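So the chains spell out like this:
Protein chains: 2
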Amino acid sequence: MRLKGKKVLAVVDQLYNDLEHWYPVYRMREEGAQVDIAGPEANEVYTGQSGIKAKTDYAFKDIDANDYDGMLIPGGWAPDKLRRYPELLDIVRKMNEAGKPIGTICHAGWVLVSADVLKGRKVTSTPAIQDDMKNAGAEWVDEEVVVDGNFISSRRPDDLPVYAKTYADKLAE
Amino acid sequence: MRLKGKKVLAVVDQLYNDLEHWYPVYRMREEGAQVDIAGPEANEVYTGQSGIKAKTDYAFKDIDANDYDGMLIPGGWAPDKLRRYPELLDIVRKMNEAGKPIGTICHAGWVLVSADVLKGRKVTSTPAIQDDMKNAGAEWVDEEVVVDGNFISSRRPDDLPVYAKTYADKLAE
Chain Z
1 MRLKGKKVLA VVDQLYNDLE HWYPVYRMRE EGAQVDIAGP EANEVYTGQS GIKAKTDYAF
61 KDIDANDYDG MLIPGGWAPD KLRRYPELLD IVRKMNEAGK PIGTICHAGW VLVSADVLKG
121 RKVTSTPAIQ DDMKNAGAEW VDEEVVVDGN FISSRRPDDL PVYAKTYADK LAE
Chain Y
1001 MRLKGKKVLA VVDQLYNDLE HWYPVYRMRE EGAQVDIAGP EANEVYTGQS GIKAKTDYAF
1061 KDIDANDYDG MLIPGGWAPD KLRRYPELLD IVRKMNEAGK PIGTICHAGW VLVSADVLKG
1121 RKVTSTPAIQ DDMKNAGAEW VDEEVVVDGN FISSRRPDDL PVYAKTYADK LAE
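Same order as they appear, the protein sequences are chains Z and Y.
Just so we're aligned: the first sequence equals residues 1 to 173 in our numbering.
Just so we're aligned: the second sequence equals residues 1001 to 1173 in our numbering.
Derived by calculation from the structure, the hints in this document are not laboratory data.
Being a predicted model, the structure only gives us computed values, none of them experimental.
Ideal Cβ positions, reconstructed from N, Cα and C, are used throughout, including at glycine.
Mixed in with the good hints there might be a few duds.
Stretch by stretch, here's where chain Y covers chain Z in the computed footprint (C-beta under 8 angstroms, at least three residues) [said to hold, decoys possible]:
{"no.": "1", "stretch": "8-22"}
{"no.": "2", "stretch": "36-43"}
{"no.": "3", "stretch": "50-62"}
{"no.": "4", "stretch": "159-168"}
Okay, the calculated beta carbon distance ranges per label pair [to be verified]:
{"no.": "5", "chain 1": "Y", "residue 1": "1134", "chain 2": "Z", "residue 2": "149", "range": "51 to 59 angstroms"}
{"no.": "6", "chain 1": "Y", "residue 1": "1042", "chain 2": "Z", "residue 2": "87", "range": "47 to 55 angstroms"}
{"no.": "7", "chain 1": "Y", "residue 1": "1158", "chain 2": "Z", "residue 2": "44", "range": "17 to 25 angstroms"}
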């Protein structure tokens, strides 16, 4: 239970990738972390691409980034929506400034693009958005997991075993 | 990577519970285990209740239980189908006789009922099938995870963090 006492924010919106949200959430809980789920609205049910439901504990506007030790952003189509919320982008920037672990997988990288935190950072993502990542200033590589300081990134659901483990290791530091 | 060299059999059929299959599969792979997926047919795509696809490596009839160190059975509606395959029930009995870890979650307990391996064993499952479990001779309890020798059982997706960790611990013994 090396993550006991750690608080992680997992964000969702409609059409999040079901496994990319739930696998890391359960994996952090396994080691004792408290994982809160936030979305555009509090106490709202958001449905993954495959139909699995996720109920939010909080709305983005209710979140104080200082209360958390890190955050997780899933892929799917949710990032196309998530990147439009200034209050979420503000959370990302504050987490980044504080050096807190930010996990992104698949299309989640779009949120980092819109938070404008990618300049000079080494990351991966689904290859589909590699041009967006590069145009935002990132060094993009095609690897199952990439760690650059507080950024932990992976490409797709099949990377989840190493992605979640790597994120947990970073959170435990 | 304490599970390096271990081989686990994960079984599926149509309408398996997506998280109850994929979370333990990814979790065992995280620690280095080889997880093979088997179903009624080899190289066939089976679709979870929420629509996530799982492609089988093998058909049940191709499996030699001696080649594996343990097995995982997901819930959902798949167990209603899985319990009808004598060759799968034979795998379950052989794994049990050899004391190899058998993980069951939610409705997966039905497969243990039909394999007739529950007499005097302490297990949990979704409460919905508790009568079937008791009538098959089990001592049924309502706990997030139950370990009785080589049987590791849980009730539902929210038990996955402790279920998969407990299964991995048992497999590592």
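Evaluated hints:
1. 8-22: holds (count 3)
2. 36-43: As far as the stretch 36-43 of chain Z goes, the hint is violated, because 0 residues have Cβ atoms under 8 angstroms from chain Y.
3. 50-62: With 3 residues in contact (Cβ-Cβ under 8 angstroms with chain Y), the coverage given for the stretch 50-62 of chain Z holds.
4. 159-168: This one holds; 5 residues, not fewer than the three required, reach chain Y with a Cβ under 8 angstroms.
5. Y/1134 <-> Z/149: 51 to 59 angstroms: 54 angstroms, holds
6. Y/1042 <-> Z/87: 47 to 55 angstroms: 49 angstroms, holds
7. Y/1158 <-> Z/44: 17 to 25 angstroms: 19 angstroms, holds
In this structure, the one hint that does not hold is number 2.
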